[in-house]
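Protein chains in written order, with full-length UniProt numbering: chain A, 1 to 329; chain B, 1 to 329.
The set of hints was computed from the structure by calculation and includes no laboratory data.
Source: prediction; values computed, not measured.
Glycine included, C-beta positions come from ideal geometry on N, C-alpha and C.
Be aware that a few hints might be false.
[To be verified] Examples of chain B residues toward chain A, derived with CB under 8 Å: (1) I50; (2) L52; (3) E54; (4) L227; (5) A240; (6) S264.
There are 2 protein chains.
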Amino acid sequence: MGGDHGPSVTVPAALSALQKDADLRITLVGLKEPVQALLHGAEPGLLSRIQLREASQVVTMDEKPQEALRKKKDSSMRVAIDLVKSGEADACVSAGNTGALMATARFVLKTIEGIDRPAIISRIRARHGHTHMLDLGANSQCSAEHLFQFAVMGSVVAADMHGIARPRIGILNIGEEETKGDSVVQDAARLLAASKLNYIGFVEGDDIFSGEADVVVTDGFTGNVALKTMEGLANMLVGALKTEYTRNPLRYVGALASWPVLRSLRKEFDPRTYNGASMVGLTGVVIKSHGSADTVSFANAIRVGLVEARKGVPTQISNLLKEQAPAVA
Amino acid sequence: MGGDHGPSVTVPAALSALQKDADLRITLVGLKEPVQALLHGAEPGLLSRIQLREASQVVTMDEKPQEALRKKKDSSMRVAIDLVKSGEADACVSAGNTGALMATARFVLKTIEGIDRPAIISRIRARHGHTHMLDLGANSQCSAEHLFQFAVMGSVVAADMHGIARPRIGILNIGEEETKGDSVVQDAARLLAASKLNYIGFVEGDDIFSGEADVVVTDGFTGNVALKTMEGLANMLVGALKTEYTRNPLRYVGALASWPVLRSLRKEFDPRTYNGASMVGLTGVVIKSHGSADTVSFANAIRVGLVEARKGVPTQISNLLKEQAPAVA
């Protein structure tokens with residue numbers, strides 16, 4: 001039910017995801033009537049792979065996480081996460097209130113043994129491919145041990161999404177020299193250097209795009225600021241491009257002549273492709289879609305959940321963590 | 001002497017700055033021969049406003065700040081800052097090693113009374129105008145009091161550069177709600193709310209460009225990451241635009257037809273315009289240029305130094321800080 005657009009986006013997105021993957025089954029959780037209305041007329045072949053689970057409450061986008069957790073025990077969010085807990089679903093995908101989703105997921109699913117705090121990870125478009133970055137906002141203050149655990153989780157996600165055997169891990173810092181940054185990043189660097197992970201050292205903000213690292217590890221404060229800085233800058237540049245191309249009729253001609261270029265760029269950098277941030281470190285798969293996601297965008301978030309569930313990301317995190325044990329003991 | 005290109009950039013930039021401002025006088029500090037060679041043939045009207053001060057040493061770009069401070073007492077950097085200290089110069093502009101410049105400036109000039117730590121501030125291109133952001137990397141860990149002092153310094157710089165009577169100040173955070181972030185940003189928010197500054201609350205990464213705030217205050221770790229994230233993303237997008245426009249001859253046509261648009265955008269977002277970060281909080285004006293600056297870029301950094309010196313930024317910071325005294329006592 002969540003997100004800015006509710007089932008009017010999530011239901012068509014579910015149908016689109018079902019169409020693309022014949023083995024996928026989806027349980028739609030929410031208020032019965034609007035969901036049923038939106039399913040009306042869908043292909044029987046798709047409908048046969050859809051279940052409807054009613055939930056009477058809706059967590060609003062500005063509701064406080066702890067309040068949602070306490071008062072909304074029959075919200076679509078809570079019921080969907082309960083389904084993951086009971087094993088009836090392999091992943092929960094939501095466009096709802098991030099804080100409430102994280103608090104509920106953490107309360108119901110708990111963290112994997114050895115992981116203190118879940119983190120939010122997402123793919124970021126880089127110069128030649130992608131970078132995975134975490135934490136993007138779940139934990140504003142982190143210890144060196146947390147950053148180490150983020151590196152383990154990021155390593156698993158990057159390997160599963162791209163088939164990279166040993167993802168290169170960098171810690172975000174304000175310089176590449178070993179002496180840079182505070183004791184948290186320096187201690188985390190030591191933990192990682194002593195681990196079996198493929199740690200490549202400190203990286204800087206521009207390296208998120210340089211392709212130097214497959215996984216960029218940082219605390220949730222810095223990660224969230226960096227992510228929103230990217231969004232803000234990208235929006236400003238796209239806005240400026242539109243303004244310039246529509247300034248006068250001659251410029252329209254330029255836009256027409258540039259159509260193949262603009263279309264390629266739009267396709268290549270379409271933020272909808274990157275929708276679906278994963279809340280890693282939990283015993284189950286929980287994917288957070290952008291609240292403003294459209295159908296294409298939300299279908300991508302479903303796809304992320306599908307891949308993570310198939311690859312068994314939580315189990316793999318647990319395994320990779322155990323392999324590192326000597327380094328963190 | 002500093003920067004990636006040394007006097008081959010700084011000397012022509014100085015000549016260009018002198019040409020634009022008839023009241024400007026410049027002392028070039030460095031190795032005599034290369035500087036004199038570059039001045040050869042310059043207009044006598046400009047040469048009459050240039051002084052040459054020899055300095056026998058050069059601080060290299062990868063030299064450790066404390067080592068440069070201890071061992072290079074006759075470096076161009078040190079001599080230039082000494083000139084500010086003695087009153088022979090009103091501002092020092094350098095493209096050299098940032099850490100060494102900061103350490104030397106702090107050692108020689110000291111901070112203004114009431115300012116614990118100098119910070120690096122720069123203009124950032126926003127949707128409709130500019131934002132000033134600090135700290136961009138001088139202090140990776142900051143207290144609430146430091147952030148408060150940054151706000152005072154940012155307020156003075158924004159007012160002086162844009163003539164805004166009461167610059168709107170925001171603290172960078174991971175949400176706009178008062179409960180977001182750690183105790184440092186929350187305590188800083190209380191200090192600012194109780195001050196006479198025009199504090200507007202928490203802002204997020206995308207607000208650096210939204211125009212909501214004139215000054216964005218943050219610690220040097222987050223600020224540096226955000227700044228380099230912008231640089232990395234902008235470079236990636238410009239690179240992609242170039243690649244797409246040169247993919248085949250038809251696309252060249254598109255580029256030609258788009259020439260007015262591309263030229264406008266290039267002019268509007270030219271990073272060279274934004275060169276010249278100020279090391280505020282010191283008793284004198286010290287401007288740091290990008291190490292890779294070209295002549296146009298370095299001339300802009302000189303311009304920043306000129307404006308700050310004329311406005312008397314250090315004195316104004318001291319005055320504005322005194323006005324706030326009741327709030328921080």
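Comparing the hints with the structure gives:
no.: 1; hint: I50; result: violated (35 Å)
no.: 2; hint: L52; result: violated (34 Å)
no.: 3; hint: E54; result: violated (31 Å)
no.: 4; hint: L227; result: holds (7 Å)
no.: 5; hint: A240; result: holds (6 Å)
no.: 6; hint: S264; result: holds (5 Å)
The structure fails to meet hints 1, 2, 3 from the earlier list, while all remaining hints are met.
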